[in-house]
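Chains as they are written, first to last, in my numbering: chain A, 272 to 572; chain B, 285 to 597; chain C, 59 to 409.
Since the hints were derived computationally from the structure, they do not count as laboratory data. Just to be clear, a hint being listed does not mean it is correct.
As the list claims (entries may be wrong) - Cβ-to-Cβ under 8 Å is the rule here; a few derived chain B residues that face chain A:
| no. | residue |
| --- | --- |
| 1 | 299 |
| 2 | 430 |
| 3 | 434 |
| 4 | 535 |
| 5 | 539 |
| 6 | 555 |
| 7 | 563 |
| 8 | 578 |
To be verified - Negatives, chain A to chain C, calculated, CB over 10 Å:
| no. | residue |
| --- | --- |
| 9 | 326 |
| 10 | 342 |
| 11 | 492 |
Beta carbons are placed, not taken as given, at the ideal position from N, Cα and C, and that holds for glycine.
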Amino acid sequence: MTTAHAAPVPTDVEQVLARAQQGIGYWGRVWERLRADKVTLVVTAVLIAIVLMAVFAPLIATHDPMTGSILGRLKGFGYQGHLLGTDETGRDIFSRLLFGARLTLVSGVLPVVFALIIGGLLGVVAGYFRGGVNTLIMRSMDVLYAFPSILLAIAICGILGSGLENTILALTITFIPPIVRISETVTAQVRTLDFVDAARISGANSATIMRFHVLNNVLGPILIYTTSLISIAIILAAGLSFLGLGVTPPDAEWGLMLNNLRQAIWVDPVLAAVPGVAIFITSMSFNLMSDGLRQAMDVRV
Amino acid sequence: MEIFILRRVLYAVPILLGVSIVIFGLVQLSPGDVADLLIPPEAPKEVAEQLRQKFGLDRPVYEQYLLWLGNLLQGDLGVSIFSNQPVLGSLTSAIGNTMKLAVPAAILGFALGIILGALAAVGRGGWLDKLLSGIAITGVSLPHYWVGIVLVAIFSVTYNVLPAQGMGPGGVPTGWEQIKHLILPVVTLSLIPMGVVSRLVRASVLEIINQEFITTLHAKGLLSGRVLLHIAKNAAPSVLAVMGLQFGYLLGGSILVETVFNWPGSGNLMNLAIFRRDVPVLSATILALATLFVLINILVDVLQALIDPRMRR
Amino acid sequence: MSTAIDQPRQRPLLVANDLRKHFPLKGKLFGKKSVVQAVDDISFEVHKGETLGIVGESGCGKSTTARLLLHLIPPDAGEVVFDGKAVAKPDGITPNALYRQMQMVFQDSYASLNPRLSIAQSIAFGPIVQGVPRKEALDRAVSLLERVGLAPSIYANRYPHELSGGQRQRVNISRALAFEPKLLVLDEAVSALDKSVEAQVLNLLGEIKSAFDLTYVFISHDLSVVRYISDRVMVMYLGKVVEIGPVDAIYRAPRHPYTQALLAAMPSMSPRRRTEKAPLSGDPPNPIDPPSGCRFRTRCPFAAPVCAEKPPRLVTQAGEDPSHRAACHLYDPVAAHPRAQEVRHAQPLSA
Chain A
272 MTTAHAAPVP
282 TDVEQVLARA
292 QQGIGYWGRV
302 WERLRADKVT
312 LVVTAVLIAI
322 VLMAVFAPLI
332 ATHDPMTGSI
342 LGRLKGFGYQ
352 GHLLGTDETG
362 RDIFSRLLFG
372 ARLTLVSGVL
382 PVVFALIIGG
392 LLGVVAGYFR
402 GGVNTLIMRS
412 MDVLYAFPSI
422 LLAIAICGIL
432 GSGLENTILA
442 LTITFIPPIV
452 RISETVTAQV
462 RTLDFVDAAR
472 ISGANSATIM
482 RFHVLNNVLG
492 PILIYTTSLI
502 SIAIILAAGL
512 SFLGLGVTPP
522 DAEWGLMLNN
532 LRQAIWVDPV
542 LAAVPGVAIF
552 ITSMSFNLMS
562 DGLRQAMDVR
572 V
Chain B
285 MEIFILRRVL
295 YAVPILLGVS
305 IVIFGLVQLS
315 PGDVADLLIP
325 PEAPKEVAEQ
335 LRQKFGLDRP
345 VYEQYLLWLG
355 NLLQGDLGVS
365 IFSNQPVLGS
375 LTSAIGNTMK
385 LAVPAAILGF
395 ALGIILGALA
405 AVGRGGWLDK
415 LLSGIAITGV
425 SLPHYWVGIV
435 LVAIFSVTYN
445 VLPAQGMGPG
455 GVPTGWEQIK
465 HLILPVVTLS
475 LIPMGVVSRL
485 VRASVLEIIN
495 QEFITTLHAK
505 GLLSGRVLLH
515 IAKNAAPSVL
525 AVMGLQFGYL
535 LGGSILVETV
545 FNWPGSGNLM
555 NLAIFRRDVP
565 VLSATILALA
575 TLFVLINILV
585 DVLQALIDPR
595 MRR
Chain C
59 MSTAIDQPRQ
69 RPLLVANDLR
79 KHFPLKGKLF
89 GKKSVVQAVD
99 DISFEVHKGE
109 TLGIVGESGC
119 GKSTTARLLL
129 HLIPPDAGEV
139 VFDGKAVAKP
149 DGITPNALYR
159 QMQMVFQDSY
169 ASLNPRLSIA
179 QSIAFGPIVQ
189 GVPRKEALDR
199 AVSLLERVGL
209 APSIYANRYP
219 HELSGGQRQR
229 VNISRALAFE
239 PKLLVLDEAV
249 SALDKSVEAQ
259 VLNLLGEIKS
269 AFDLTYVFIS
279 HDLSVVRYIS
289 DRVMVMYLGK
299 VVEIGPVDAI
309 YRAPRHPYTQ
319 ALLAAMPSMS
329 PRRRTEKAPL
339 SGDPPNPIDP
349 PSGCRFRTRC
359 PFAAPVCAEK
369 PPRLVTQAGE
379 DPSHRAACHL
389 YDPVAAHPRA
399 QEVRHAQPLS
409 A
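Chain A on its own, in the form it takes in the complex (with noise of 0.2 Å):
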C-alpha cells in the first residue's frame, strides 16, 4: 500500500484487535443465560454430585457391595449400620448403589457420546451434501427408525447376547437414528443462509465450510437434543439390566438391582423401590438441565 491516507494505518493488527470493543457472541449469551438459570445451576450441581459419588464409590461405600450374608437378608435401612438396607442376598444396597451408578452412568451416557459423534457426522454431511448422499444415509436410518427404539436394543442385546458392551453397542446403534434425523435437518436448514453461498466463493472446500461455518451453527439445536437423550438412555440401560440382557450379576447396577430387589416387595415394599429413586433422580436432572440449556439457547440474535 503506498499511497498515503489521512489516518495512519495501525502497524500490530492484533493490538488493534486486542484494544477492539468486545462484542457478545451467541455463546457468551448463551452463558450468562445459563449462570442465571437457578434451576439448572441446582440440577447441574446434583448430577455433579452423582457422578463424584460413583467415581469415589470405593471411599464412600460402607461396605463391600458383592458380599453379604443370606442370614442378613432383605433388612431395612439403618439395620446394622446398612444406611439403606440390604438386598436379597444380604448385600449393603448403600454401597451397591454408589458402585451401580458408575456402571448405570457408563451405559446411559457413553452410548449418547458416541450416537452424538457417528451420528452427528453423518447428518451434518447428508444435510450438506444433499442428493445421492443424502437419500443414502437417510434411507438407511429410516429403516433403523422402522423399530421402536426398546425393540431395537433387545434386538440387539437378545440376539448376540448380554454383558456391558453389548448394552452399549445397542444404545448407540439405538440413538443415532434420531440424532442422525435431527442434524440433517438442522444442517440442511444452515445450508440455505446466505453466508454458506459466501463461503462457497471463498473456495474453500468440503470439510472447511462444514468445519467453520456449518458445525457452530448446528451444534447448538444437535447438543439439545443430545442433553435430552441422556436422560432415556439411563431409563433404557438400566431396563436392559431390568430384564436381564444389561449388566449380568453379580455386578451392581440400578436396573438390575431393581430387578434383584422385586421379591422384597412383599417384604419390605420400601426397599424395592430404592434403585428406582436412583433412577428417577438422575434421569430427572438430565431431563431438567437439557431444558435448561434449551431455554438458555433460546436467545433470538
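Go by the hints and put chains B and C onto chain A.
Leaving out everything else, chains B and C in the frame of chain A:
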C-alpha cells in the same frame, strides 16, 4: 392424494425388507451355530432334517435369507425351539394381549396428555402451568417399570385391593375380575405417553396462541369454541405424529411393564424367548412388532396429510 | 454516475455465453417431469470498468444468473468466460481461481454473515482460505473496515446481530473486497435497506469502484437505483434477455414492449406524467411452462401470430446505436411483424 398414499405404502416395502435383513443379519451374527438356534434339540431326526431343508442351513447366506423371507410371506414364522409349536399361534394371542394393555393405555395417556397440555398452555407461566409441566417432565423421567413396582407395592402388597400379577381370565375384558387386572399395568404404561403428549401439546398450543390470538384472548378472557377448533386443527398434525409414535413404543416397549406384572403379552413372550434362547420366537416377535410400527407410521402420515394439505409431499 | 465508454473495443472482462439453467421439479411418480426454465440461453458481456445493471421482476432469473456467473450452481449449458478464460472448463480457470478475481455481495445482509463469527473473522476467512497468512488477512480486514466507514476499534470484534442492516452490508462489501477482486456482482445488495441507508451504501459503492478500479454487475428490481448506478442496462423476463443497451437509451427510448411497460410503471416525480391505466395486463405466466415463441406475447399489446411461432432474436434498429438491442420481432425485418411500421417512427419517452 391417492398418489401420496400409494407412494407412502410402496415406500414401506423396502423399509420392511430392510428390517427383515437387519433381524436376519443379527441372527447370523449371534454367537454359536445358527443350526442350534433354529432347530429344537429334542426334535426327531426327520423333523430336524425337514427344518434343515426349510431353512437351507447348508446353503449360502443369501439363499437362506430368501428362503426365510419366503416362509415368512407364506405365514410360516418358524417353530419354537422350546415348545416345538409354530410361532404364529402363540404370537398372535400374545400380541392380542398386549393390545389389551396398549390401547387403553394409549387412550388414557393421550387424553390426559392433551388436557394437561392444553391447560398448561392456557395458564402459561402461572402455578398451574408449572405444576402440570412438572408432572409432565416427571412422567418422562420416571422409569415406568419402577412405577409399576411402586404401584404394586402400594395397591397389592400394602392395601391388597388390586392383583399384583397376571391377566386373569382371558377374553375381552368386561367384568371386574378382568378389569382389576388391567388397572395397574394400564396406568403404568400410560405415564410416558401422557408426559410426552402433554409437553408437545403445551408447546404447540402456545406457538399457535402466540401467533394470532393474543389480543383476542386478552379482550375476551375466555376461549370461544371456534378459536378452540382452530387451535386444535393447527396443533393436530404434529400431535398426531407423536401419538402414532407413542402407540408404537407402547407396543414395542410394553416388555418392561409386562415383566413387572407378568402379563402374557408380546413383551413377556420376548422375555421368555430371551431367557430360553428361543431365537425363532424372538426374531418373529420383533419382526411382527416392527411391522406393526411401520404400518402405524403409514397411518399417521396419511392422517396428517388428510388434515394438513401442506404435508402431502 | 453514467460515464461514457469510449475506449476502443478491448476484450470484455466477463462474458456469458448461452447460459442455461433448468430446475427439475419434484413431481408426480409417473409422467413428464416438469422443469422451471429459470435461465434460458442468455448471453451478454461486461466491459472493464463499467457497471452493467440487470433488471427484471421476481422470477425473471436475475438471481439465478448471478449464481451462474459465480459458479455457485453449475450451468446446464453454456459457459462463463472471465478475462478470456472459460470457468470450470479444461484450459480455462478453476472456480477457486475465479474467486480471487470475482466476488459477490448478497441481498440479505444478515443471512450472509455467519452469526457465530466476529466481523473481523468473517472478513478474514476468505483470504485465509486463499492462502494469505492469518495476520496479514486480519490486517486487510481491519483496514477494509476502515475503508468502508466502520471504525475497527468498535466493529472488528462485534457480531452480526450487534450491527444494523446498513452496517452489515458494508461488512459484506468488505468481505468481497478482501479478495482484491476485479469484478463484483451485487445481487440486490441494497434492496433490503432503508432508503437513506441505501443512498449511503450506493455512494460507498461508487467511491470504491473508482478507488479500487472495479467493474460491477448490479442486479436489482429497483429501476431508479439501476438508472443511477449503471452504464449499461440489461432487462430480463422469464429467463431471457429482452433488451440491453446504454442506460440513457434504455430509459429514454426503450424498445421492447416489456421495458416500455416496466418504465411506464415507474412512479415519476413529474406531475405531468400520471399513469392512468396499468401498463401491463394479465398475470405473469408460469416459469414452469413458458409461452411458446416470445415469452412476453401473452401480455404484449403488440402480439402477432409470428410471436407464437418463433422466439425473437436480439436485434438492433437500423441506423441506431448497435449496442442497444431488443429481442422483439417488431424490430426484426426477417420476422415481418405486421405492426413493425409503428415503431420505426416511435417517439422516445420524455425523461
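A quick look at each hint next to the structure:
Proximity of residue 299(B) to chain A holds as hinted, the smallest CB-CB distance being about 5 Å (cut-off 8 Å). For the restraint placing residue 430(B) at the interface with chain A, the shortest Cβ-Cβ distance is roughly 3 Å, inside the 8 Å limit, so the hint holds. The criterion of a C-beta within 8 Å of any C-beta in chain A is met by residue 434(B), whose closest approach is roughly 5 Å, and the hint holds. Checking residue 535(B) against chain A by beta carbon gives a least distance of about 7 Å; that is within 8 Å, so the hint holds.
The closest approach between the C-beta of residue 539(B) and any C-beta of chain A is roughly 7 Å, which is under the 8 Å cut-off, so the hint is satisfied. Nearest Cβ of chain A to the Cβ of residue 555(B): about 6 Å, under the 8 Å cut. The hint holds. Because the beta carbon of residue 563(B) sits about 7 Å from the nearest beta carbon in chain A, less than 8 Å, this interface hint is met. Hint status for residue 578(B): holds, given a least beta-carbon distance of 5 Å to chain A, under 8 Å.
Every Cβ of chain C is farther than 10 Å from the Cβ of residue 326(A); the closest lies at roughly 34 Å, confirming the non-interface assignment. Every beta carbon of chain C lies more than 10 Å from that of residue 342(A), the smallest distance being close to 63 Å; the non-interface claim holds. Here residue 492(A) stays apart from chain C, with its beta-carbon at least about 13 Å from theirs, past the 10 Å limit.
Violated hints for the displayed structure: none, as all numbered hints are satisfied.
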